[in-house]
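Undergrad: Sequence:
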Amino acid sequence: MKVLGLIVEYNPFHNGHLHHLQEAGKKTGADLTVAVMSGPFLQRGEPALVDKWTRAETALKAGIDVVIELPYVFAVQPADRFADGAVSMLEACGVTDICFGSENGEIKPFQDAAESIEQHGQQIDQQVTAHLSAGKSFPRAYNEAVTEAFQGSIGLDTSKPNNILGLEYVKAIRRRKNVIQAHTIKRIGSSFHDQDPSSAAIASATALRKIIFDKHQPFTNVRPYVPDISFQLLHQKKENLTDWEAYFPFLKYNLMTAETEELANIYDCSEGLEHRFKKNIHQTKTFGQFIDAVKAKRYTRTKLQRLAVHTLNRVNKSDIIGWSPGNPAPYIRLLGMNTAGQAHLSAMKKTMSMPLITKASAGKHPWFDLDLKASHIADFVQSSDSLKEYQKKPIIID
Numbered sequence: 050m051k052v053l054g055l056i057v058e059y060n061p062f063h064n065g066h067l068h069h070l071q072e073a074g075k076k077t078g079a080d081l082t083v084a085v086m087s088g089p090f091l092q093r094g095e096p097a098l099v100d101k102w103t104r105a106e107t108a109l110k111a112g113i114d115v116v117i118e119l120p121y122v123f124a125v126q127p128a129d130r131f132a133d134g135a136v137s138m139l140e141a142c143g144v145t146d147i148c149f150g151s152e153n154g155e156i157k158p159f160q161d162a163a164e165s166i167e168q169h170g171q172q173i174d175q176q177v178t179a180h181l182s183a184g185k186s187f188p189r190a191y192n193e194a195v196t197e198a199f200q201g202s203i204g205l206d207t208s209k210p211n212n213i214l215g216l217e218y219v220k221a222i223r224r225r226k227n228v229i230q231a232h233t234i235k236r237i238g239s240s241f242h243d244q245d246p247s248s249a250a251i252a253s254a255t256a257l258r259k260i261i262f263d264k265h266q267p268f269t270n271v272r273p274y275v276p277d278i279s280f281q282l283l284h285q286k287k288e289n290l291t292d293w294e295a296y297f298p299f300l301k302y303n304l305m306t307a308e309t310e311e312l313a314n315i316y317d318c319s320e321g322l323e324h325r326f327k328k329n330i331h332q333t334k335t336f337g338q339f340i341d342a343v344k345a346k347r348y349t350r351t352k353l354q355r356l357a358v359h360t361l362n363r364v365n366k367s368d369i370i371g372w373s374p375g376n377p378a379p380y381i382r383l384l385g386m387n388t389a390g391q392a393h394l395s396a397m398k399k400t401m402s403m404p405l406i407t408k409a410s411a412g413k414h415p416w417f418d419l420d421l422k423a424s425h426i427a428d429f430v431q432s433s434d435s436l437k438e439y440q441k442k443p444i445i446i447d
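50 is the number of the first residue of the sequence shown in my numbering; add one for each residue after it.
Worth flagging that the hints you see were computed from the coordinates, not collected in a lab.
Fair warning: there could be bad hints in the mix.
[Said to hold, decoys possible] Pairwise CB distance ranges (calculated): (1) 333 / 437: 28 to 36 Å; (2) 237 / 184: 35 to 43 Å; (3) 272 / 395: 31 to 39 Å; (4) 366 / 302: 17 to 25 Å; (5) 338 / 50: 47 to 55 Å; (6) 182 / 157: 29 to 37 Å; (7) 447 / 51: 20 to 28 Å; (8) 338 / 289: 18 to 26 Å; (9) 344 / 183: 12 to 20 Å; (10) 305 / 50: 52 to 60 Å.
For glycine and all other residues, C-beta sits at the position ideal for the given N, C-alpha and C.
Let the hints inform the model, and build the full structure from the sequences given.
TA: And the structure:
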């Protein structure tokens with residue numbers, strides 16, 4: 050049986066995601082599709098537009114058979130940890146093939162690059178450290194270190210966001226002795242960062258969020274760029290759709306009331322960033338202004354946004370320990386399934402290498418407590434019932 054694995058955020062689910070789902074199924078000949086999806090906070094340090102249950106329902110109605118949640122400790126992380134956690138969960142769910150979208154569109158350059166980087170790992174690590182000491186951001190330090198190690202190009206443009214993630218997926222698969230087959234399809238339509246939709250039917254999620262929160266545009270302007278089921282569910286939730294600005298007052302409260310020493314203990318806080326956060330929070334009125342004020346050459350916007358998420362959720366360094374590349378995730382939280390997905394999970398249950406959580410009260414791991422806390426905060430901001438996480442059962446679609 051061919052089981053396709055997808056690593057997704059669906060913020061929101063748009064025509065490009067539907068294209069990826071359909072083409073990935075064709076490319077792999079999959080009998081079943083499992084998606085691991087970020088929860089209320091995303092890889093680039095942003096809150097999800099809509100709650101994870103609505104996003105899971107959209108995915109199931111679009112044709113995915115099983116949706117599981119990527120834990121907070123993997124979801125709000127740099128590409129390597131995000132990818133490794135997601136791949137470990139898909140492996141536990143019996144996935145045989147993973148297909149990701151990329152700017153490159155061919156799998157061999159990813160495989161060659163992953164192999165080459167493994168062979169030159171020590172040299173690259175040393176050069177990364179040297180570049181970081183010179184004040185460069187990690188992405189720039191890593192790209193320059195790789196270029197220096199190979200005296201030129203490795204055949205893959207690692208400045209492109211989907212190529213970066215794709216390379217980490219392939220590296221994570223290689224750590225697991227290639228038990229999963231990797232595939233990629235070329236990303237089409239607008240690029241990842243494009244803030245305006247193109248004339249085509251595929252726009253970036255960034256552009257769609259910009260339309261949604263633009264008070265001068267009608268909500269219906271997103272309709273050409275999303276499948277009908279996605280539009281219907283978004284429209285139902287349109288009064289509770291959120292971006293960082295909705296969370297900013299709560300971040301501001303945390304930063305104003307916390308002692309500097311407390312902020313220094315927040316996960317991923319380093320090199321005196323607690324002082325930059327504390328200083329600039331008093332001078333800014335929006336989240337965008339705050340990040341612009343804090344940003345420096347050494348820190349990417351994404352790193353600062355992730356640190357803001359950890360600060361909002363009061364996640365300390367001691368809360369996220371005990372993981373290293375290649376280690377499996379400690380549990381799987383099921384968000385939804387159809388009847389085919391239900392049959393697959395029933396067949397897998399006896400051999401699954403990690404517990405399958407179908408109700409919140411069964412979660413008995415410190416990392417699951419972080420998932421719950423993040424969900425409670427998101428529910429509060431989105432004016433949802435904070436008890437929903439305990440009451441909610443996996444969505445089942447016939």
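Undergrad: Please go over all the hints and tell whether each is borne out by the structure.
TA: Each hint tested on the structure:
Range check, residue 333 to residue 437: Cβ separation about 32 Å, and the 28 to 36 Å hint holds. A hinted range of 35 to 43 Å holds for the C-beta pair residue 237 and residue 184, which are about 37 Å apart. Between residue 272 and residue 395, the C-beta spacing of about 38 Å keeps the proposed range 31 to 39 Å intact. Between residue 366 and residue 302 the beta carbon distance is about 21 Å. The supplied range of 17 to 25 Å therefore holds.
Roughly 52 Å separates the CB atoms of residue 338 and residue 50, a value that falls within the hinted 47 to 55 Å. Under the hint 29 to 37 Å, the C-beta atoms of residue 182 and residue 157, about 35 Å apart, fit the expected range. Range check, residue 447 to residue 51: Cβ separation about 23 Å, and the 20 to 28 Å hint holds. Remark: the range hint 18 to 26 Å for residue 338 to residue 289 is upheld by a beta-carbon distance near 24 Å.
Between residue 344 and residue 183 the C-beta distance comes to about 18 Å, which sits within the given range of 12 to 20 Å. For residue 305 and residue 50, the Cβ-Cβ distance of about 54 Å falls inside the hinted range of 52 to 60 Å, so the restraint holds.
When each numbered hint is compared with the structure, no violation occurs for any of them.
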